[in-house]
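Protein chains: 4
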Amino acid sequence: MYLKKAGLTLLFISVVISIGLAQTTELQENTRAIEFPDIPGYRTLKCDLHMHTVLSDGHVWPSIRIQEAMKDGLDAISITDHLEYQPHSDDIPHPDRNRSYQLAKQAAEGQDLIVINGAEITRAMPPGHANAIFLEDANKLNQDDFMEVFREAKRQGAFVFWNHPHWTSQQKDGVASLKELHLQLISEGLLNGIEIVNDDTYSDEALQIALDHNLTILGNSDIHGLIDWQYGIAQGGHRPVTLVFAIEKSEAALRKAMEERRTAVWFNNTLVGKPELLVPLIEHALVVTRKGKSQVQTVLIENHSDADYILKNLSEYTLHNHASVFTLKAHETTIIQVKTLEELSSFSLQFKVLNAFTAPGMHPEISITVE
Amino acid sequence: MYLKKAGLTLLFISVVISIGLAQTTELQENTRAIEFPDIPGYRTLKCDLHMHTVLSDGHVWPSIRIQEAMKDGLDAISITDHLEYQPHSDDIPHPDRNRSYQLAKQAAEGQDLIVINGAEITRAMPPGHANAIFLEDANKLNQDDFMEVFREAKRQGAFVFWNHPHWTSQQKDGVASLKELHLQLISEGLLNGIEIVNDDTYSDEALQIALDHNLTILGNSDIHGLIDWQYGIAQGGHRPVTLVFAIEKSEAALRKAMEERRTAVWFNNTLVGKPELLVPLIEHALVVTRKGKSQVQTVLIENHSDADYILKNLSEYTLHNHASVFTLKAHETTIIQVKTLEELSSFSLQFKVLNAFTAPGMHPEISITVE
Amino acid sequence: MYLKKAGLTLLFISVVISIGLAQTTELQENTRAIEFPDIPGYRTLKCDLHMHTVLSDGHVWPSIRIQEAMKDGLDAISITDHLEYQPHSDDIPHPDRNRSYQLAKQAAEGQDLIVINGAEITRAMPPGHANAIFLEDANKLNQDDFMEVFREAKRQGAFVFWNHPHWTSQQKDGVASLKELHLQLISEGLLNGIEIVNDDTYSDEALQIALDHNLTILGNSDIHGLIDWQYGIAQGGHRPVTLVFAIEKSEAALRKAMEERRTAVWFNNTLVGKPELLVPLIEHALVVTRKGKSQVQTVLIENHSDADYILKNLSEYTLHNHASVFTLKAHETTIIQVKTLEELSSFSLQFKVLNAFTAPGMHPEISITVE
Amino acid sequence: MYLKKAGLTLLFISVVISIGLAQTTELQENTRAIEFPDIPGYRTLKCDLHMHTVLSDGHVWPSIRIQEAMKDGLDAISITDHLEYQPHSDDIPHPDRNRSYQLAKQAAEGQDLIVINGAEITRAMPPGHANAIFLEDANKLNQDDFMEVFREAKRQGAFVFWNHPHWTSQQKDGVASLKELHLQLISEGLLNGIEIVNDDTYSDEALQIALDHNLTILGNSDIHGLIDWQYGIAQGGHRPVTLVFAIEKSEAALRKAMEERRTAVWFNNTLVGKPELLVPLIEHALVVTRKGKSQVQTVLIENHSDADYILKNLSEYTLHNHASVFTLKAHETTIIQVKTLEELSSFSLQFKVLNAFTAPGMHPEISITVE
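Protein chains in written order, with our numbering: chain B, 1 to 371; chain G, 1 to 371; chain X, 1 to 371; chain L, 1 to 371.
Be aware that a few hints might be false.
Under the rule of at most 20 Å between Cα atoms (straight-line distance), these lysine-lysine pairs were calculated in the PhoX-like manner [as the list claims (entries may be wrong)]:
1. LYS291(B) <-> LYS172(L)
2. LYS329(B) <-> LYS329(L)
3. LYS293(G) <-> LYS172(X)
4. LYS352(G) <-> LYS352(X)
5. LYS352(X) <-> LYS274(X)
6. LYS352(G) <-> LYS312(X)
7. LYS352(G) <-> LYS274(G)
8. LYS312(L) <-> LYS352(B)
9. LYS312(X) <-> LYS312(G)
10. LYS172(B) <-> LYS293(L)
11. LYS105(B) <-> LYS71(B)
12. LYS256(X) <-> LYS274(X)
13. LYS329(G) <-> LYS329(X)
14. LYS172(X) <-> LYS172(G)
15. LYS291(G) <-> LYS172(X)
16. LYS172(B) <-> LYS329(L)
17. LYS249(G) <-> LYS71(G)
18. LYS249(L) <-> LYS71(L)
19. LYS154(G) <-> LYS274(G)
20. LYS105(X) <-> LYS71(X)
21. LYS312(B) <-> LYS293(B)
22. LYS312(L) <-> LYS312(B)
23. LYS274(B) <-> LYS352(B)
Away from chain X, derived, C-beta distances all over 10 Å, residues of chain G [claimed, not checked]:
24. HIS82
25. HIS94
26. GLN111
27. SER187
Source of the hints: derived by calculation from the structure; they are not laboratory data. All residues carry an ideal CB built from backbone N, CA and C; glycine is no exception.
Produce the entire structure from the sequences given, and follow the hints as far as they go.
Here's what the structure looks like:
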């Protein structure tokens, strides 16, 4: 049966209905959706800006990338098929490097998902691989001289970032290091960002490069196969994402936010970003309620996000039910009891967030006010 | 990174290691593998003989079909892309109808999986859709006159089966019914089998047609998207499969078994097939142990298969801990206590298996000997 | 700390809060609560009328029995400590056989739970063991002549039932059989009911005795240790219960319903009872919705009860996605597709419920109307 | 049925069998068992040395405490019923304060569990409550003058520890503080230990007191109801335990270890103890395997314990797949990739363990050698 509409409709009904039942115990598809709160002034857009399809060396049609993105609750994706690497060319002799974008765009019709035209510039190191996104015409980047490629990307108003600078196939020791050429690209405004996370890898050194050179940080899946297999429900996992703090959910706002360095990276229960972004991101995920009034104050903290926050208590008060390091589990309510010595009408607590990083080895500090 | 070998190796290590740990509580990938025992004289081959890829109207490259099959523990698959329906022809102008077979074959290299060359003859009803498998050259079937297509298939030694005769797009009331043309195909030996299960649909009427005309029964996924999404772990599910009882795991033995009608269908906790196949299939899934010796005899029944068997007690003895209908859950041990009135050195129990069918509304009866 | 009130309050808060969170994935305490619908004219009261505490040979104080009952969502319990068997008498030399009732009553204060004064008459077979419930003074039953004990129970207006007539310690072959003495008790109105289920045992013969002699059927836990260990969450289990169909939730209505034989038994995914009770019980658990209008009609069946109903299709229509035996899982929505041949404005479906019994080997038939 | 032996035997069989099946997915009873490794020179005994039964203000018979201990994999328990508080005295007018010990001892017969005679001295603050364990005769402690009680305990060779010094019923602000009287008890050798954890509470201040005055630290459940309800499987939880590092599993060795301060406390994914005990405890839980040889070295770390270890990387090498803080989940294998710059035949890694404490706010540092 190639006309599967009937089947799809039924599946949809099934999911909707079972969510509606109070006591359903089955896992629902939407348990995959990544959840983080907006912060004051900005929408928090969950983005994966590096992925592949059969139109270069991936294993799926662009439509699957759209469905995966919807299941993961993403706001924006860019399919960045290789410009220069076309292993399926015997079967797909496609000359048009905008084709995966077009097909993805079609597949996303009617969905609340931003699809960005992108392509991967695939060169030996240096410069290595780089993604150009927000392209007008990817075909114009398909030329030999890579400096010309970067310049064409700029001409089109693209945002260009260095992919997996720590990739061991191009950097044997895995230590991201800036070559002369990269400095030149940066100084010419041809390189705007850098992946500090790619798939299941992370680089402290890439993060340091971003800080030193004011580059936008990104974390992307670079998926070739299936998201579910690479980051399966069974593993309790999710793909890495770039969190982009944009004034609204639009391609233009997203582009501006990336240019203005308003991104953070979420992977493997770790958040990375500037303190001015991470602190409100974490604080707004937490809903704090006081229970009664007492010298040993009971406080309920609901964590409305996908991160388990590992906290170190910095406040002057010790806790009655936790040592000074404890965890606020994702989507759970944690009860803490604070020894305030006397009954206080309000007080605040400070915590270092040990699984969040503002720089290699540096953690943001959040504050929780109890009123 | 387009060279993902390192990543794949690591994943493999991860799975192997965690299985080795005694107390691992996570779901492992291999929980998807479908399990049924061999029966005396035959290997039980788990087969999915109807599926699609980007080479017709599917959403994945053939390589994904191979990985899905391995995860599901299949023994054989056939990718049966449409001969006549090519919605991706703008991007994949492939003239070669053997191509998905070739690509799947490549992807399966080194795996213990039989890949069969197949194609879907895609016509209005009658005859509707039919799969020809064990083809030599699918291209030769790509011609206008469908009678010629069926004859060419026969010339190549193909096994041909009628797909989803109950498909509502071609049979509005969903009631499979044999047209004159089908009778002709059958009488000429051009139609050898019939799907009684396609995706999540089942047809009692198709089963009756198979019985009336001695056709091989099949149950296949007809997957276009992703197996995991259609039959997800979250749903506790598995794809429908055709169980083929072959003298060995080889393409030739598989073909012969299909010709000789030695198949059963497994879908949605239901087994369908001839009693001479279903009875040993179920009996060999059960390992029976007596515990001590007593007037109320304790018997342990381990169910080493993926089916929950719903049993109706037909024996002269009543049970001490179950009513006359009860379930042997898949991969669990059920304890039954049999009131044999006196201590017996051996006795046997008879059960009707209510979720297994030998014909519409008819159930096989199994016997369990306790010694 | 012997004053645990603070701790208990906190626990309560914790549970309430986490239910409120949309994405909480943890099992909640209330997943144990047994759920069945009321039926026209009657409340369905979930009762366990046979259990023990430290006041005879049990292992817990009566307060634990109250908490267990609340967790299981019970409406009524009776603690039926042995009159004659007092293994803890060295430590608890209690002469008062009403004491476990008094302590349970205290512990249940403020809870919506009916606590019934009961006691177990503990004799050799015949008559074997029997529970007298709705007692005024259990002490008056503590005398030698058992006929006098049964008469005293009657004098107090008690309801008396035969416990585990199939118990292998008193009936070696496990086959419940009525002795002369039981007939006498029944004819004198001294024996009103019979356990067909006790703990994890069931007796077809006891059910037949109940039918032959018009006795009220019961299924009880007879728990001595902990309910959670005997019927654990880990096993997905629940204790056996007697479902009593009473005009309201009150001790008087409960007593009357038992006298008038309005009970059913729920154990091990099996329901037993008269058709006039089982049929509405099952039908009212199912919420049926039609989806669109079609020749192959999609019907959604929500099962709002704890039973997985194993159905056999008796209607004239075959199904498009199930064979003639299939299961409506507890607390899930099952989609069935009915081949009605033409679009019907309304139609009805008949099913035999294979895991429900009105007599040994006999099943009730339910009807579902689709409008 | 008061003779439940048959039932218990069956249950046992059931558990054993299902563990034997390769694909069993149910939770098994023994998933509750707390697991920590022995350390060089010592057995790691898991102990709960504070609990109650119906013989003071608890809700269960001592037999239940034994079964709970076996399920939790404990090596030793002491039932410490209150000497002075007897709310069940109407029903259990027991004069013998050794009785819960005797009953527990009987119930533990044949089990590999050390049962220690203990009692809780239950006084206003100061001194508050204290447990005396390893008693010869608890009755001799049942006298008015509490100084005499402590002295009698010492005379009997008991080990005495201060219970929940931070209990808000006796210390309103929850801040444990040593009174003059406690100093006197310590100086006379009448107070040997201190609970830093009681039920779900923890006290940094109590830990500091232990360090300042060289007291043995303990963490106990103080359970009155049911362990499963207080620390349920549903919550993924376990009771707090005192880990005692003894030269062998015997009452004498246990007593000696407690006297010599060789204890640690495990509660709520937190370990507390001296570095010389915690460091080997954590290091021996980890089995480290190198995979191949590379500049970016893959290392597999199996965590054979119940603790999720939250690690901070202190070594000179950064990781290829983790930031500098990451978690080794309990009973799982974590793969880390170490950027050693060159291929090394061996190297070592240092980590601070953030959920382990050697003093308030202080963490132990472990070392892992990769060879």
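Tested hints:
{"no.": "1", "hint": "LYS291(B) <-> LYS172(L)", "result": "17 Å, holds"}
{"no.": "2", "hint": "LYS329(B) <-> LYS329(L)", "result": "14 Å, holds"}
{"no.": "3", "hint": "LYS293(G) <-> LYS172(X)", "result": "13 Å, holds"}
{"no.": "4", "hint": "LYS352(G) <-> LYS352(X)", "result": "16 Å, holds"}
{"no.": "5", "hint": "LYS352(X) <-> LYS274(X)", "result": "14 Å, holds"}
{"no.": "6", "hint": "LYS352(G) <-> LYS312(X)", "result": "14 Å, holds"}
{"no.": "7", "hint": "LYS352(G) <-> LYS274(G)", "result": "14 Å, holds"}
{"no.": "8", "hint": "LYS312(L) <-> LYS352(B)", "result": "14 Å, holds"}
{"no.": "9", "hint": "LYS312(X) <-> LYS312(G)", "result": "13 Å, holds"}
{"no.": "10", "hint": "LYS172(B) <-> LYS293(L)", "result": "13 Å, holds"}
{"no.": "11", "hint": "LYS105(B) <-> LYS71(B)", "result": "17 Å, holds"}
{"no.": "12", "hint": "LYS256(X) <-> LYS274(X)", "result": "17 Å, holds"}
{"no.": "13", "hint": "LYS329(G) <-> LYS329(X)", "result": "14 Å, holds"}
{"no.": "14", "hint": "LYS172(X) <-> LYS172(G)", "result": "61 Å, violated"}
{"no.": "15", "hint": "LYS291(G) <-> LYS172(X)", "result": "17 Å, holds"}
{"no.": "16", "hint": "LYS172(B) <-> LYS329(L)", "result": "29 Å, violated"}
{"no.": "17", "hint": "LYS249(G) <-> LYS71(G)", "result": "18 Å, holds"}
{"no.": "18", "hint": "LYS249(L) <-> LYS71(L)", "result": "18 Å, holds"}
{"no.": "19", "hint": "LYS154(G) <-> LYS274(G)", "result": "26 Å, violated"}
{"no.": "20", "hint": "LYS105(X) <-> LYS71(X)", "result": "17 Å, holds"}
{"no.": "21", "hint": "LYS312(B) <-> LYS293(B)", "result": "24 Å, violated"}
{"no.": "22", "hint": "LYS312(L) <-> LYS312(B)", "result": "13 Å, holds"}
{"no.": "23", "hint": "LYS274(B) <-> LYS352(B)", "result": "14 Å, holds"}
{"no.": "24", "hint": "HIS82", "result": "23 Å, holds"}
{"no.": "25", "hint": "HIS94", "result": "34 Å, holds"}
{"no.": "26", "hint": "GLN111", "result": "32 Å, holds"}
{"no.": "27", "hint": "SER187", "result": "27 Å, holds"}
Hint compliance for this structure: hints 14, 16, 19 and 21 are not met, and every other hint is.
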